[in-house]
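Protein sequences appear in the order of chains Z and A.
Numbered per this note's numbering, the first sequence spans residues -18 to 174.
Numbered per this note's numbering, the second sequence spans residues -18 to 174.
Any given hint could turn out to be false.
Copies of the same chain look alike in the list, so a pair counts if it fits in one copy or across any two.
As the list claims (entries may be wrong) - Straight-line Cα separation of at most 20 angstroms, EDC-like style, residue types lysine to aspartate or glutamate; simulated pairs:
1) Lys81 with Glu172
2) Lys93 with Asp57
3) Lys15 with Glu147
4) Lys15 with Asp137
5) Lys165 with Glu134
6) Lys28 with Asp137
7) Lys27 with Asp57
8) Lys78 with Glu155
9) Lys48 with Asp89
10) Lys169 with Glu154
11) Lys69 with Glu104
None of these hints come from the bench; they were simulated from the model.
There are 2 protein chains.
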Amino acid sequence: MKVQNELQLLLNNKNIQYGNRGTNLENDINQSNKYYIDHKIAYIYKKPTPIKINKVDYPSKHNKVSKIVIREAYFDSPSTTDYNGIYKGKYIDFEAKETKNKTAFSLDNIHKHQLNHLKNITECGGIGFLIVRFSSQQKNFLLLAKDLFSFLENTDRKSIPLQYFEEKAYLIEESYLPRLPYLKIIDKIMEVS
Amino acid sequence: MKVQNELQLLLNNKNIQYGNRGTNLENDINQSNKYYIDHKIAYIYKKPTPIKINKVDYPSKHNKVSKIVIREAYFDSPSTTDYNGIYKGKYIDFEAKETKNKTAFSLDNIHKHQLNHLKNITECGGIGFLIVRFSSQQKNFLLLAKDLFSFLENTDRKSIPLQYFEEKAYLIEESYLPRLPYLKIIDKIMEVS
C-alpha cells in the first residue's frame, strides 16, 4: 500500500516534469489552480514532495558546471498537505486523494502529520479540507477539516464510508474551465460562516 | 555561486534531518517558528526543498519491505519561498537569506520565480517579505515585498545596499525565546495598515 502511494507520487511528479497530460485528480487540480492564477481569482499552488537525502556526489573542483547529484534518497512521509495558498484574503490548505474503492475512503491515505497540520490550520483561522475523488463513480468531494475531525473523534473505523461524504461533504461538479471548480464550494462556505 | 547556494541548502537540510543545532539563520527561524506553534501564537512552517528526480530503483516484487530509491536527482530552482503559514488569520509568506557581504545583498540570492511568487501573495492580500541576515554585523532585517519591488522597479542594480535595508526594512532584535521574534514586526505593520 505504502509502495503504491509512493509510486503514485512518483508518477504524478513525472507527469508534471515532462508535461504529460494525465487525467488524474492531481492534474485536474493543477489545471484548475492555473486557471485561478491566470484569472487572478486565487493563488493556490502545490508544495514540493518531501525527500530524505542520504548520499550526494559533489562536483569536482575542476568542473565548475556540474551540479551536486543526489545519489540516494527516499520519499519522506509528508508533514503537511499538498496544496495551499490564498483566496479572497483567506488561507486555503488542502490534501487531494483519489480512491478506486467503491464504498469507502481508507484513512491510510492521510498521514498523522497531515491531520495535525490541518488541525493547526483550522485553529489559526485558515480553511482546511480534503478533496477526495471516488474514481469508480467519478465523484469529487470537498470534505471540510472540521467534518473530517468530527468523524475521527466519533469512531475507530479505519475508513470513511462514501455515505459520510454524501451526507457531510460538498460535491464538486466537474466543468471544462476550470476542470474542478472547488472554489465555488469555498464561496458557499464563506457565505454561511 | 549557484553551487554554493545548493551546498548551503544541502547543509541546512542535513542540519534538520540529523537534529544538529547550528546557529545559522534557518535554525533560528525554525526555532522561532516552533516556539510560535508550541505557544499557539502562529502556525508558520518550512516547505520541502524542491528536487528534480531523474532515476529511481523500484523495489523488487519479492521484497515487499524495501522502498523506492531515488538514484539520480538534482536540487531544483525554487518556485516559491521557503516559509509560509498563518498569523492572526493572515497569510504569511517569506524567504530567508544570509549574506556575508558587508555592504549589500546580492539579488542572485532570490530567484525570478520567487519574486513572482511574492508578487502573487501580495496581490492576493497576503503578507510577503524577506528576512535577510548580514552576518558580519549580525543584523537581521525584515524587508516587506512592497519595498523590495519598489527597489527593483527603480534600479538596474544587481544588489540591494545595506543602506536600503537600514532605511526601508525593519530590524529584528534577537532574543532568547523566540530567537528571532519577527512577528513583533508583523504586529507593527498590521497596526499601521
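Numbers of unmet hints, in rising order: 1, 3, 4, 5 and 6
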